[in-house]
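J.: Sequential numbering of the sequence shown, starting at 11, is according to our numbering.
You may find that some hints are simply not true.
Unchecked claim - Under the rule of at most 25 Å between Cα atoms (straight-line distance), these lysine to any residue pairs were calculated in the SDA-like manner: (1) Lys96 with Val51; (2) Lys96 with Arg121; (3) Lys168 with Leu131; (4) Lys138 with Ser157; (5) Lys138 with Leu166; (6) Lys161 with Asn148; (7) Lys150 with Ser129; (8) Lys58 with Ser91; (9) Lys71 with Ser56.
Don't read these hints as lab results, they were simulated from the structure.
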Amino acid sequence: MIITVLDGIVVAVILFSAFLAMLRGFSREVLSLISWAIATVATLFSFKPILPFFEQYISNKMVALITTLIVIFIIFLITTSIITVKISDFIIDSRIGIVDRTIGFIFGALRGLLIMVISILLINALIKPEQQSDWLKNAKTRPFLNSLSQKVWDILPKNLDIALEKAEQFFKRDDAMTNDKHSHENISR
11 MIITVLDGIV VAVILFSAFL AMLRGFSREV LSLISWAIAT VATLFSFKPI LPFFEQYISN
71 KMVALITTLI VIFIIFLITT SIITVKISDF IIDSRIGIVD RTIGFIFGAL RGLLIMVISI
131 LLINALIKPE QQSDWLKNAK TRPFLNSLSQ KVWDILPKNL DIALEKAEQF FKRDDAMTND
191 KHSHENISR
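Construct the complete structure from the given sequences, taking the supplied hints into account.
T.: Right, dumping it as structure tokens:
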């Protein structure tokens with residue numbers, strides 16, 4: 011039984027993710043994900059009133075929008091991360107710390123597996139099977155990863171392109187509203 015480079019990468023990614031999550035603990039891992047989710051949602055709901063401030067200093071509308079989103083996201087992420095680190099430190103230092111770390115190890119292994127499944131999903135989408143290297147095609151973990159990646163693909167919404175179009179329209183609508191606001195301000199001057 012020959013182990014290929016892909017097999018080694020799969021084992022390394024899963025173990026690295028598992029040990030990292032064990033060191034951090036399950037509570038910190040979950041609270042970290044929650045921090046990212048809160049920062050994302052808070053950014054999407056709060057960027058509109060802040061965007062005009064950045065547009066005063068950045069003439070390109072798209073650059074102003076991206077800068078606004080990044081700055082707001084970072085502020086919310088840092089704020090929520092400070093809070094969640096305090097909470098997770100309390101949990102790790104408590105009596106359930108060992109349980110938290112054990113569950114963290116399992117969570118990390120599953121996260122590492124998910125990373126590899128998504129990687130295989132992308133490889134399969136971007137590189138035709140006949141163009142893939144032998145170390146990819148002949149990996150012992152490949153059938154398992156292909157099976158899981160197909161299940162992930164089946165879970166994804168079939169109308170992802172429609173969702174992306176709606177998101178694009180959302181930002182274009184906000185850009186149009188911002189332009190209208192600026193044109194009304196210029197008329198009133």
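J.: Next step is simple, just say for each hint if it's right about the structure.
T.: Here's how the hints hold up against the structure:
1. For a cut-off of 25 Å, the pair hint linking Lys96 to Val51 stands: about 22 Å separates their Cα positions.
2. Among the hinted pairs, Lys96 with Arg121 is consistent with the structure: their alpha-carbon atoms are about 23 Å apart, no more than 25 Å.
3. Taking the CA atoms of Lys168 and Leu131, the gap is about 15 Å. The hint holds against a cut of 25 Å.
4. With a C-alpha separation of about 17 Å, the suggested pairing of Lys138 with Ser157 holds against the 25 Å cut-off.
5. Restraint check: the Cα-Cα separation between Lys138 and Leu166 comes to about 21 Å, which is no more than 25 Å; the hinted pair holds.
6. Only pairs whose Cα atoms come within 25 Å are accepted, and Lys161 paired with Asn148 is accepted, the gap being roughly 21 Å.
7. Of the pairs offered as hints, the one joining Lys150 and Ser129 holds, with about 16 Å between alpha carbons and a cut-off of 25 Å not exceeded.
8. A hinted pair counts as satisfied when its Cα atoms are at most 25 Å apart, and Lys58 with Ser91 qualifies at roughly 23 Å.
9. At roughly 17 Å between alpha-carbon atoms, Lys71 and Ser56 fall within 25 Å of each other, so this suggested pair holds.
Of the numbered hints given earlier, the model fails none.
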